[in-house]
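Here is how the chains run, residue by residue.
2 protein chains.
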Amino acid sequence: MAMEDMVPACEDLDKAGFWSVECWGGATFDSCIRFLNEDPWERLRTFRKLMPNTRLQMLLRGQNLLGYRHYEDGVVERFVEQAAENGIDVFRVFDALNDVRNLRTAMKAVRKAGKHAQGTICYTISPEHTIGDFAEMAERLMDLGSHSICIKDMAGLLKPAPAYQLVKAIKETCGQDVLVHVHTHATTGVTLVSLMKAIEAGADIVDTAISSLALGPGHNPTEAMIEMLEGTGYKTQVDMARVMKVKAHFDKVRERYSEFMTSFTGVEAGIFQSQIPGGMISNMESQLKQQGAGDRMKEVLEEVPRVRKDAGYPPLVTPSSQIVGTQAVLNVLMGKYKVMTSEFADLMLGYYGATLGMKNPDVIAKAAAHSKKDPITTRPADLLRPEWDRLRAEALALKGCNGSDEDVLTYAMFPQVAPKFFGTRGEGPRNLSKETKPAPAAAKPAAGAPDGKSNLTGPISYVVTYSGKAHNVTVAPGE
Amino acid sequence: MAMEDMVPACEDLDKAGFWSVECWGGATFDSCIRFLNEDPWERLRTFRKLMPNTRLQMLLRGQNLLGYRHYEDGVVERFVEQAAENGIDVFRVFDALNDVRNLRTAMKAVRKAGKHAQGTICYTISPEHTIGDFAEMAERLMDLGSHSICIKDMAGLLKPAPAYQLVKAIKETCGQDVLVHVHTHATTGVTLVSLMKAIEAGADIVDTAISSLALGPGHNPTEAMIEMLEGTGYKTQVDMARVMKVKAHFDKVRERYSEFMTSFTGVEAGIFQSQIPGGMISNMESQLKQQGAGDRMKEVLEEVPRVRKDAGYPPLVTPSSQIVGTQAVLNVLMGKYKVMTSEFADLMLGYYGATLGMKNPDVIAKAAAHSKKDPITTRPADLLRPEWDRLRAEALALKGCNGSDEDVLTYAMFPQVAPKFFGTRGEGPRNLSKETKPAPAAAKPAAGAPDGKSNLTGPISYVVTYSGKAHNVTVAPGE
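So the protein lines, in turn, are chains G and S. Positions in the first sequence are counted from 1; adding 2 to them yields my numbering. Positions in the second sequence are counted from 1; adding 2 to them yields my numbering.
Worth double-checking, as some hints may not be accurate.
[As the list claims (entries may be wrong)] Straight-line distance between alpha carbons at most 25 Å, and here's what the computed DSS-like set of lysine-lysine pairs gives: (1) G:Lys-300 with S:Lys-422; (2) S:Lys-374 with S:Lys-401; (3) S:Lys-247 with S:Lys-300; (4) S:Lys-300 with G:Lys-247; (5) G:Lys-254 with G:Lys-17; (6) G:Lys-300 with S:Lys-338; (7) G:Lys-291 with S:Lys-254; (8) S:Lys-374 with S:Lys-422; (9) S:Lys-436 with S:Lys-254; (10) G:Lys-338 with G:Lys-375; (11) S:Lys-436 with G:Lys-254; (12) G:Lys-291 with G:Lys-340; (13) S:Lys-374 with S:Lys-338; (14) G:Lys-237 with G:Lys-247; (15) S:Lys-170 with G:Lys-237; (16) G:Lys-291 with G:Lys-254; (17) S:Lys-436 with S:Lys-422; (18) S:Lys-311 with S:Lys-368; (19) S:Lys-311 with S:Lys-300; (20) G:Lys-254 with S:Lys-300; (21) S:Lys-401 with S:Lys-375; (22) G:Lys-247 with G:Lys-170; (23) S:Lys-311 with G:Lys-170; (24) G:Lys-374 with G:Lys-338.
[Claimed, not checked] Some residues of chain S that are not near chain G, with every Cβ distance over 10 Å (derived): (25) Gln-84; (26) Lys-110; (27) Arg-392.
No wet-lab data here; the hints were simulated from the structure. Cβ coordinates follow ideal geometry from the N, Cα and C atoms, glycine included.
Throw the hints in and build the complete structure from the sequences for me.
See below:
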């Protein structure tokens with residue numbers, strides 16, 4: 003969404019009494035430079051100015067920052083420092099594999115900047131995952147210096163009973179005073195009930211979205227949350243009159259974005275069967291269609307859980323959802339692990355981190371053979387060499403780069419997109435309200451959420467090793 | 003929905019294990035003869051044949067049956083007898099004012115036919131209504147011979163805390179063994195949580211709709227209900243595999259009905275502020291626009307609670323919602339009670355029954371003056387003379403009437419529509435799947451739900467008395 007469409011709502015949002023407003027992260031950053039010709043750092047500074055009373059929050063992919071690869075510690079430290087300086091108060095830090103080692107540097111940097119470090123558990127379901135495992139992870143996140151714990155349910159899989167048990171277990175393990183923040187998506191239709199149960203178990207903060215932009219793949223509606231609690235003994239500190247003004251504003255704005263909205267705001271209970279986030283399914287569908295194999299979706303849906311099991315049951319969230327999904331498609335089309343993406347090989351070999359489940363040793367061996375790499379057990383970023391100076395030199399060589407650390411970080415996050423953006427930045431943000439069409443159809447994939455359920459915001463290139471030869475495979479975002 | 007679009011789902015619905023399937027009532031009956039050229043009695047017999055294992059359920063407006071006026075007892079008895087004979091097992095009987103006297107004849111007839119009599123409480127919110135009042139009403143419904151008690155939340159106003167308290171109170175008052183059946187609409191976004199709380203309080207049966215046709219003004223999704231309960235200690239007896247087949251079927255069918263669907267399946271939390279059902283608001287908007295006063299909606303929204311208070315806080319459900327709404331519009335346009343519909347005068351004078359709240363004596367006096375009638379405290383139908391023979395004679399005089407009691411009842415319910423339907427019935431049901439357009443735009447209002455939140459399915463004529471003269475006013479359904 004263009005900044006101009008959010009500015010008029012900021013005063014009401016700021017004065018409504020929210021614990022925090024999440025306003026920055028991977029997908030917004032990407033959309034800013036890819037489609038809106040808007041400097042994401044400038045956007046953040048504007049939010050800071052317009053919302054002086056409310057914590058500004060962002061989602062950070064741990065060692066991946068806002069990108070799809072592991073960055074070296076120095077880059078992570080600089081990113082957090084700049085984000086804090088430009089206005090972020092609360093850093094919600096997660097790792098797609100729930101490997102807390104991948105959060106360590108970011109969490110430390112957040113604390114150093116004097117900001118709120120929120121350690122995050124990606125909630126997932128598997129035969130290996132227990133409530134106890136998640137509670138233990140919460141404990142390790144506390145050891146890293148978390149100021150609060152987030153339960154991040156990116157696929158809407160968190161049902162009421164486990165929501166209750168999970169919050170209870172975290173409070174019992176980490177202490178009743180530890181702030182527990184619950185993040186769910188409405189996709190499966192049950193998570194407002196889950197939030198009620200989480201609150202009964204002691205959850206302190208829950209995520210919602212204004213009803214104009216809620217439900218479906220989004221969050222549960224703020225207004226429903228406030229009303230739901232009446233008479234229960236729990237209440238929010240949110241001012242409904244302000245909320246209704248925010249709603250009225252975005253009711254109008256949403257019309258301009260209809261092209262990017264999902265047409266379906268119903269529920270997708272099928273996700274409980276497949277345990278595959280909705281956005282991942284559409285990605286795989288588009289991959290199959292590109293191969294003229296659109297009729298083999300059922301096989302792929304059956305293959306995903308097997309691939310996930312082989313990989314040690316990673317949660318399915320960016321980037322693991324794309325990596326597992328693409329491998330499942332390849333297995334169906336080419337034969338089981340006959341072709342392997344280099345990303346999947348890296349996943350099997352530990353280059354994304356450790357998983358909770360045991361990995362299939364046969365597939366590890368195949369991955370090693372495919373990629374000619376050895377399995378690792380160390381923290382992946384420990385293998386990286388300092389890269390800041392190189393990134394800085396490359397960024398400064400680009401036309402339009404202003405030489406700031408912010409610009410270097412923009413380039414580091416999105417090296418393909420940043421050069422063009424630096425070149426056109428001077429023209430100022432696109433004024434969507436003056437365009438006849440809302441925005442080009444090519445921009446569509448950006449409408450996805452920043453986490454597991456979403457499409458990628460840009461094409462990802464894989465190096466596929468097949469019969470000993472390397473092939474470049476580009477996986478474009480699904481429509 | 004045309005019968006042809008439901009037939010393929012019947013076997014799965016029948017074998018899924020539902021306590022009952024609601025498949026008949028005012029709006030379906032009306033749509034059959036008004037738009038589909040389909041005999042509603044034949045439809046019922048077909049359902050009976052295709053669903054031998056599941057209770058068939060209907061919604062009955064007590065003494066109003068499926069119409070908008072009070073029928074004499076003999077007609078009520080014959081209607082129930084025929085409905086039972088043609089296949090209905092469960093009669094959910096309600097009265098718009100919650101006047102149990104208006105349920106008595108119907109309940110007695112249901113018991114006489116050996117069927118399940120479900121006494122119904124229309125849930126509403128007002129300064130006068132307490133949980134205790136509803137529990138007491140449940141007790142009176144038990145006295146009438148109810149086999150179960152339904153809490154009917156037609157506007158989505160039932161929040162989790164009162165849902166819990168209400169079910170608890172009914173069980174405590176009427177006995178823990180009394181079946182409590184909870185019916186909510188999803189409109190306000192909180193009622194799945196309310197159902198969870200109702201279940202925790204001991205509710206035995208809850209209403210849902212298949213996800214393809216759920217949410218927004220409809221019900222909560224069946225699949226979400228089943229999944230929600232996992233691990234809570236409660237469970238449904240519903241077979242998810244059958245449910246998924248039903249979903250797949252209606253996912254396809256719904257495309258043909260897109261014209262009739264509400265475009266908004268989000269939540270309307272504003273209903274908690276106004277306490278006015280969504281469908282009633284669109285009705286009033288259309289009335290205002292017809293008078294060139296579309297800009298006065300805010301005044302009308304403020305006037306509705308005042309009119310409702312004057313009328314003793316009736317629940318807002320067909321037909322009281324239309325009567326109160328139209329009067330509020332007239333008050334704003336013409337001055338307070340300067341013009342009064344004869345229906346509103348009847349409501350004030352007790353001709354629809356008694357309300358829980360005290361009525362405003364000044365407005366009663368005005369109503370008496372307007373309509374030249376006296377207030378009554380007796381059961382309204384006690385004033386009616388037997389009308390079956392007259393209705394029968396009128397029906398039999400119509401071309402195409404087959405002389406059956408069913409046809410007489412069709413005519414009795416919809417005297418304006420039945421004549422045309424009898425004439426064209428021989429041509430058979432419209433085959434929607436072969437029509438290029440889904441159905442004529444004129445049919446749109448029929449898409450509303452059969453109760454309070456919906457538009458009327460046809461125009462209603464009011465006699466308006468103004469300065470001593472009677473005027474006919476027709477209120478057309480809103481778009």
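For each hint, the structure was consulted:
Between G:Lys-300 and S:Lys-422, the direct Cα distance comes to roughly 50 Å. Violation of the 25 Å bound is thereby established for this hinted pair. For a cut-off of 25 Å, the pair hint linking S:Lys-374 to S:Lys-401 is broken: about 38 Å separates their Cα positions. A distance of roughly 45 Å separates the Cα atoms of S:Lys-247 and S:Lys-300; the hinted pair therefore is violated under the 25 Å criterion. Note on S:Lys-300 and G:Lys-247: the hinted pairing holds, with a Cα-Cα distance of about 15 Å set against a maximum of 25 Å.
About 21 Å separates the Cα atoms of G:Lys-254 and G:Lys-17, which keeps this hinted pair within 25 Å; it holds. Between G:Lys-300 and S:Lys-338 the CA atoms are separated by roughly 64 Å; this puts the pair beyond 25 Å, and the hint is violated. A threshold of 25 Å between alpha carbons decides the hint, and for G:Lys-291 with S:Lys-254 the separation of about 21 Å falls inside it, so the pair holds. At most 25 Å may separate the alpha-carbon atoms for a hinted pair to count; S:Lys-374 and S:Lys-422 exceed this at roughly 35 Å.
Between S:Lys-436 and S:Lys-254, the direct Cα distance comes to roughly 15 Å. Compliance with the 25 Å bound is thereby established for this hinted pair. For the suggested pair G:Lys-338 and G:Lys-375, the alpha carbons sit about 20 Å apart, so the restraint of at most 25 Å is met. Only pairs whose Cα atoms come within 25 Å are accepted, and S:Lys-436 paired with G:Lys-254 is rejected, the gap being roughly 38 Å. A hinted pair counts as satisfied when its Cα atoms are at most 25 Å apart, and G:Lys-291 with G:Lys-340 qualifies at roughly 20 Å.
For a cut-off of 25 Å, the pair hint linking S:Lys-374 to S:Lys-338 stands: about 19 Å separates their Cα positions. With a C-alpha separation of about 20 Å, the suggested pair G:Lys-237 and G:Lys-247 falls inside the 25 Å cut-off, and the hint holds. Restraint check for S:Lys-170 and G:Lys-237: satisfied, since their Cα atoms lie roughly 22 Å apart, inside the 25 Å limit. The suggested pairing of G:Lys-291 with G:Lys-254 is violated, with an alpha-carbon distance near 36 Å, which exceeds 25 Å.
Using a Cα cut-off of 25 Å, the hinted pair S:Lys-436 and S:Lys-422 holds, with the two alpha carbons roughly 23 Å apart. Between S:Lys-311 and S:Lys-368 the CA atoms are separated by roughly 15 Å; this keeps the pair inside 25 Å, and the hint holds. Straight-line distance between C-alpha atoms of S:Lys-311 and S:Lys-300 comes to about 18 Å, which keeps the hinted pair within the 25 Å bound. A distance of roughly 18 Å separates the Cα atoms of G:Lys-254 and S:Lys-300; the hinted pair therefore holds under the 25 Å criterion.
Restraint check for S:Lys-401 and S:Lys-375: not satisfied, since their Cα atoms lie roughly 37 Å apart, outside the 25 Å limit. Restraint check for G:Lys-247 and G:Lys-170: the C-alpha separation of about 35 Å exceeds 25 Å, so the hint is violated. As the CA atoms of S:Lys-311 and G:Lys-170 are separated by approximately 45 Å, the hinted pair breaks the 25 Å bound. Proposed proximity of G:Lys-374 and G:Lys-338 is supported: the alpha carbons are some 19 Å apart, at most 25 Å.
With a cut of 10 Å on Cβ distances, S:Gln-84 stays outside the contact zone with chain G, its closest approach being about 37 Å. For S:Lys-110, the shortest C-beta to C-beta distance to chain G comes to about 37 Å, beyond the 10 Å cut-off, and the non-interface label holds. The beta carbon of S:Arg-392 is kept farther than 10 Å from every beta carbon of chain G, the shortest such distance being approximately 48 Å.
The structure does not agree with the numbered hints 1, 2, 3, 6, 8, 11, 16, 21, 22, 23 stated previously, though it agrees with the rest.
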